[in-house]
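Chains as they are written, first to last, in numbering that gives the first Met the number 0: chain A, 0 to 215; chain B, 0 to 215; chain C, 0 to 215; chain D, 0 to 215.
Be careful, since some hints might not be right.
Copies of the same chain look alike in the list, so a pair counts if it works inside one copy or between any two.
Stated by the list, open to error - Below are the DMTMM-like pairs computed for lysine to aspartate or glutamate, each with C-alpha atoms no more than 20 Å apart in a straight line:
1) LYS12 <-> ASP98
2) LYS12 <-> GLU58
3) LYS70 <-> ASP105
4) LYS47 <-> GLU61
5) LYS47 <-> GLU67
6) LYS12 <-> ASP55
7) LYS3 <-> GLU33
8) LYS47 <-> GLU58
9) LYS12 <-> GLU61
10) LYS70 <-> GLU56
11) LYS70 <-> GLU196
12) LYS12 <-> ASP207
13) LYS3 <-> ASP25
14) LYS12 <-> GLU56
15) LYS192 <-> ASP55
16) LYS70 <-> ASP60
17) LYS3 <-> GLU67
18) LYS70 <-> ASP55
19) LYS47 <-> ASP98
20) LYS12 <-> ASP60
It is worth saying that the hints were derived from the structure and are not from the lab.
Number of protein chains: 4
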Amino acid sequence: MSLKALFLNCTLKASPEPSNTQALIDKVAGIMGEMGVSSATVRVADHKVRFGISSDEGEGDEWPGILEQIKACDILVVAMPIWFGVRSSVAQLVLERLDGTYAEGDPVTGQYPLYGKVGGVIVTGNEDGAHDCCANTLFNLTHLGCMIPPNVDCYWVGDAGPGPSYIEAGGDRHLYTNRTARYMAHNLVWGAKALRECPIGTDLRALDAEAGEVSG
Amino acid sequence: MSLKALFLNCTLKASPEPSNTQALIDKVAGIMGEMGVSSATVRVADHKVRFGISSDEGEGDEWPGILEQIKACDILVVAMPIWFGVRSSVAQLVLERLDGTYAEGDPVTGQYPLYGKVGGVIVTGNEDGAHDCCANTLFNLTHLGCMIPPNVDCYWVGDAGPGPSYIEAGGDRHLYTNRTARYMAHNLVWGAKALRECPIGTDLRALDAEAGEVSG
Amino acid sequence: MSLKALFLNCTLKASPEPSNTQALIDKVAGIMGEMGVSSATVRVADHKVRFGISSDEGEGDEWPGILEQIKACDILVVAMPIWFGVRSSVAQLVLERLDGTYAEGDPVTGQYPLYGKVGGVIVTGNEDGAHDCCANTLFNLTHLGCMIPPNVDCYWVGDAGPGPSYIEAGGDRHLYTNRTARYMAHNLVWGAKALRECPIGTDLRALDAEAGEVSG
Amino acid sequence: MSLKALFLNCTLKASPEPSNTQALIDKVAGIMGEMGVSSATVRVADHKVRFGISSDEGEGDEWPGILEQIKACDILVVAMPIWFGVRSSVAQLVLERLDGTYAEGDPVTGQYPLYGKVGGVIVTGNEDGAHDCCANTLFNLTHLGCMIPPNVDCYWVGDAGPGPSYIEAGGDRHLYTNRTARYMAHNLVWGAKALRECPIGTDLRALDAEAGEVSG
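Can you build the whole structure from these sequences, using the hints too?
What follows is the structure, given as structure tokens:
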């Protein structure tokens, strides 16, 4: 069965405004497409996603539909712009909503719904802050259950201070960003295949019970 | 062949001063031991490691010997105390020295020496700062080539403000820390086995060449 | 003329849900009240604040009213819960919206609207992450024009892992948090008075012109 | 009495290797010199500074001499390169050593030795990470007692990925960096003067006693 990648575009801007982050998503998705991976993107700002930390915050909350797509993918990439040196509020909102998945552990193993998926990150900004966005987001994804292969971040930033963004600056031809886009696509696909061949067998419930005894 | 784990203890204190970080390392190494994994710890402050970003800074530098052990392990865990809310200077020094490995890519695939290894992180502090230590360190390890399974961080911190450290506070009986010590040990072992069964085939050199053409 | 403090409560929860962050705001505001400072709190989640980086995003955006209150205060305190180790999405949203003030520089000096104000930060979380919230938020406030006196952060966090929050845990009686609440209140009041007695005279426009010549 | 600025250059490289961070220090110090401020720089890597968290770690430790200079200055600027997205190990070492000053509070007010000083930060890197360096370092300085005026960070970074550093890239002519160098110099001088005219009167010991009663 072919692999499915889901990109969450966490730009602050709703469609149809142009999104620099989408432009870099398209590049990575294109490389994955050549490898036989099907991709979908959810532009979160196009949806009514409520603030909160549960999987359904009621009153027209559109997160449940997005969460279904997350649960159905093999490769999850959170993509975001930088604002004030850190990830966008929309990206933070997405992570907060994923907090709800901790409560949806597998009835047998206790593994959270994101176990069995690989995670990656895409960042664009006109300057500085990509490392902070990548580090926090990938770490959060490991807490939620994702496996993180090597070199699965792809970012573009300009030099110090205000300046043009990815599209306007011709980031499309930036050698480092293009290299890491390839590394990312190939290593995410490797990771998704590895998880199918060698599923994670860890029984979190059994380990919880053991830890409880020790601490008793 | 059995798996080998290497723990780098990045406490500021040389032996024989007691190290809180070592106490938590011992717990995780003990769990891995029950799983048949052999462990070794390098207490970095016991060695003369020079500041720099190459693999050998000369003049009595003891990093080359540590780097050999890193290259020989299957599971690499960077363990550290928190100071001023972030990872210790010794932990930062270790990462800086690993910068030198980027220059030692495999002659065929270009993969860096840490490709094929799984990475994890252990943090102790009397209060706040563990997430920042974990996030930056795990992200840095992915850049260097490590694969990061889910839930491979284990930390203990006390509540806000100054207070007792891990050993004095009886952190040994802290339920959350003990649970995550088990998750970490089991998922690192899973990851090391998965990397043996499904080695990463990505040819970084070939991808560099492709990216170069595109950007030309 | 008496000093005015404004607290922006960046909890994810709208009224009337109890807010741990509000409980700690109330403590700091109470201490300031004893010093003759009047305080107001805006609970941002009670308002329709749109995502964006301008001072008015249209279509029912309630940010302009909040921004007026910000411009009218002497002491600005951004208060927030921690989620996933970093500041809440609502806090990030507030900072993003303040980006619009860069465009509203004084016609003579170019100083941004937040020049002449002191900034502080309050953080609550059930565990780890306060330093990251404080550091980013205070730094962002300096970029926007605020002066930051010493010891103007006040936070409460519990020990590692899930657990009770500020109110339930009796954080109200936490010695370190109570000390820093006092330091914060007193040093913010000092700072606001100092800014009145010694206003910042820096002419950003003139400096821009100088820098431009040098770089020509 | 004229103002004294101290710059701590936290490059990893000892003299006489060229230091990009020093080049940017020289620019800021030059602007301050035109304003009548005398400057000195300590290149920390030229000294034998031991790891630790006290003000004197014995055995040839050269920190006590540096600390004397810190205590004698009006304006303290911590300057550093970025490595792996965060501040250099030498910068972290400097902060760790400043931890010892918490124990040297004024016998009457309890104010730490860095009270009454203004703090600033300079960062250079070939790419991304300046915001993280600035935020953590300025926040740490506020904890230690420094006051932070607006716009007292000055950094230069290149665009995404490896590339030339400040000197080689001609960062000397970078408009944003040059603007912020001026803002920083002028606002630090304003802050140092304001602290002389309006010294911070906060009695930390009295506040500790009050907080203690509340928590009793």
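Hint by hint, here is what the structure shows:
no.	hint	result
1	LYS12 <-> ASP98	between (24 Å within a copy, 15 Å between copies)
2	LYS12 <-> GLU58	between (22 Å within a copy, 14 Å between copies)
3	LYS70 <-> ASP105	within (13 Å within a copy, 36 Å between copies)
4	LYS47 <-> GLU61	both (5 Å within a copy, 17 Å between copies)
5	LYS47 <-> GLU67	within (15 Å within a copy, 27 Å between copies)
6	LYS12 <-> ASP55	between (23 Å within a copy, 14 Å between copies)
7	LYS3 <-> GLU33	within (13 Å within a copy, 37 Å between copies)
8	LYS47 <-> GLU58	both (10 Å within a copy, 15 Å between copies)
9	LYS12 <-> GLU61	both (17 Å within a copy, 17 Å between copies)
10	LYS70 <-> GLU56	within (18 Å within a copy, 33 Å between copies)
11	LYS70 <-> GLU196	within (19 Å within a copy, 26 Å between copies)
12	LYS12 <-> ASP207	neither (42 Å within a copy, 31 Å between copies)
13	LYS3 <-> ASP25	within (15 Å within a copy, 40 Å between copies)
14	LYS12 <-> GLU56	between (22 Å within a copy, 11 Å between copies)
15	LYS192 <-> ASP55	neither (31 Å within a copy, 37 Å between copies)
16	LYS70 <-> ASP60	within (17 Å within a copy, 33 Å between copies)
17	LYS3 <-> GLU67	within (13 Å within a copy, 39 Å between copies)
18	LYS70 <-> ASP55	within (15 Å within a copy, 36 Å between copies)
19	LYS47 <-> ASP98	within (18 Å within a copy, 23 Å between copies)
20	LYS12 <-> ASP60	both (18 Å within a copy, 14 Å between copies)
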